[in-house]
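Please put together the full structure from these sequences, using the hints given.
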Amino acid sequence: MTIGTTTTPAIGRSLLTAAFATALVLGAGPSAAGESGDGGWKGEGGLTLSAADNSKVDAYADRAKEAERSISVDVRTAALASGGELVGFDHRLKTTDSLKRKVATSLKEHPEQNVDTVLRGLSDAVRYTLQWPDGTYTDGVSTASALLSAWGNDSTKWSNTWVQTSGYRGLNTGWRAPGSGQLFEVQFHTPASKHAQEVTHLLYEEQRLPSTTPARKAELQAQQDAVFAAVPLPPGADRLTGPAPLPVPATG
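Residues 3 to 254 (the numbering used here) are what the sequence shown spells out, left to right.
I should point out that these hints are in silico values taken from the structure, not numbers from a laboratory.
Only a predicted model underlies this, so the values are computations on that prediction, with no experimental measurement involved.
Just so you know, even glycine gets a beta-carbon here, dropped at the ideal spot from N, CA and C.
There could be a bad hint or two in this list.
[As the list claims (entries may be wrong)] Distance condition first, Cα-Cα at most 30 Å in a straight line; then the derived DSSO-like pairs of lysine-lysine:
| hint | residue 1 | residue 2 |
| --- | --- | --- |
| 1 | Lys58 | Lys104 |
| 2 | Lys159 | Lys104 |
| 3 | Lys44 | Lys219 |
| 4 | Lys67 | Lys96 |
[What the hints assert, rightly or not] Label pairs and their computed distance ranges (CB to CB):
| hint | residue 1 | residue 2 | range |
| --- | --- | --- | --- |
| 5 | Pro216 | Ala61 | 38 to 44 Å |
| 6 | His197 | Lys219 | 19 to 25 Å |
| 7 | Glu46 | Glu221 | 20 to 26 Å |
| 8 | Leu211 | Ser168 | 34 to 40 Å |
| 9 | Gln115 | Pro234 | 22 to 28 Å |
| 10 | Gln115 | Trp153 | 29 to 35 Å |
| 11 | Ala232 | Gln115 | 35 to 41 Å |
| 12 | Asp136 | Gln115 | 25 to 31 Å |
| 13 | Asp136 | Ala61 | 19 to 25 Å |
| 14 | Ser213 | Trp153 | 29 to 35 Å |
| 15 | Gly137 | Gly48 | 15 to 21 Å |
| 16 | Pro234 | Gly183 | 16 to 22 Å |
| 17 | Ser57 | Pro234 | 44 to 50 Å |
| 18 | Pro247 | Asp227 | 28 to 34 Å |
See below:
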């Protein structure tokens with residue numbers, strides 16, 4: 003049964019979550035050891051965090067893990083209501099070591115920033131992927147995103163690359179959870195676009211390296227373009243637009 007996008011926001015979460023709420027698996031995989039003797043952190047390529055910055059990232063990871071519990075209820079319920087498949091749920095939390103590597107990289111590339119600024123901008127410490135077959139993709143995305151918005155999750159990013167004629171194809175979205183204020187990412191895919199993302203992942207990672215030459219980057223981009231060019235465009239996917247940002251409550 004297809005759930006219409008004009009009525010689904012009124013559906014109560016308690017009714018939709020009853021079938022699976024008790025099966026919600028919490029937590030994430032262990033992080034790799036990278037602590038230094040002085041309380042800081044050391045990673046590959048000379049990446050480091052001071053003891054103070056390392057402690058702040060640890061605290062952020064704890065907050066993200068706590069916020070993930072309620073976020074996952076919303077995302078899983080939206081997937082169920084829209085007929086979508088939640089892919090890679092076990093990887094919904096970025097590991098603490100990955101967070102530290104990302105923060106240390108950002109601080110190295112942007113020395114004018116501090117760790118608090120970087121942490122405020124992290125959008126994928128909590129992340130999900132939903133997918134639908136081509137024929138139900140557009141309705142599924144509309145339903146799921148409308149539900150997330152109706153439940154108080156503020157839309158912070160809506161990157162629809164289905165409109166592109168080359169390169170990555172998919173829909174990457176960002177959200178801010180109510181209450182905790184935790185940023186999280188939801189990618190909306192078809193099986194074909196998700197497969198293409200997985201196939202090109204290593205190419206993309208090599209392309210991002212500072213040591214990759216311009217010629218090699220162009221070669222890697224051409225390879226990625228060829229993979230994504232074979233991904234069919236779901237009907238109407240290029241016209242999908244995000245929900246309006248939630249109004250800011252009046253103060254004073």
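To see whether the hints hold, each was checked on the structure:
Distance check on the hinted pair: Lys58 and Lys104 sit about 14 Å apart at the alpha-carbon level, within 30 Å; holds. The suggested pairing of Lys159 with Lys104 holds, with an alpha-carbon distance near 20 Å, which does not exceed 30 Å. About 28 Å separates the Cα atoms of Lys44 and Lys219, which keeps this hinted pair within 30 Å; it holds. Distance check on the hinted pair: Lys67 and Lys96 sit about 9 Å apart at the alpha-carbon level, within 30 Å; holds.
Between Pro216 and Ala61 the CB atoms are about 40 Å apart, so this pair conforms to the stated range of 38 to 44 Å. Between His197 and Lys219, the C-beta spacing of about 23 Å keeps the proposed range 19 to 25 Å intact. At about 24 Å, the CB distance of Glu46 to Glu221 agrees with the hint of 20 to 26 Å. Distance hint check for Leu211 and Ser168: the Cβ-Cβ separation is about 22 Å, which falls outside the suggested range of 34 to 40 Å.
Against the hinted window of 22 to 28 Å, the Cβ-Cβ separation of Gln115 and Pro234 comes to about 41 Å, which falls outside the hint. Between Gln115 and Trp153 the Cβ separation comes to about 32 Å, which falls inside the hinted range of 29 to 35 Å. Our hint of 35 to 41 Å for Ala232 and Gln115 holds, since their Cβ atoms are close to 39 Å apart. Range check, Asp136 to Gln115: Cβ separation about 41 Å, and the 25 to 31 Å hint is violated.
A hinted range of 19 to 25 Å is violated for the C-beta pair Asp136 and Ala61, which are about 43 Å apart. In this structure, Ser213 and Trp153 break the distance hint of 29 to 35 Å, their C-beta atoms being roughly 44 Å apart. Judged by the Cβ atoms, the range 15 to 21 Å given for Gly137 and Gly48 is violated: they are separated by roughly 49 Å. Distance hint for Pro234 and Gly183: a CB-CB separation of about 38 Å, inconsistent with the stated range 16 to 22 Å.
The hinted range of 44 to 50 Å is satisfied by Ser57 and Pro234, whose Cβ atoms lie roughly 48 Å apart. Roughly 32 Å separates the CB atoms of Pro247 and Asp227, a value that falls within the hinted 28 to 34 Å.
Taken one by one, the earlier hints fail for this structure at numbers 8, 9, 12, 13, 14, 15 and 16, listed in ascending order.
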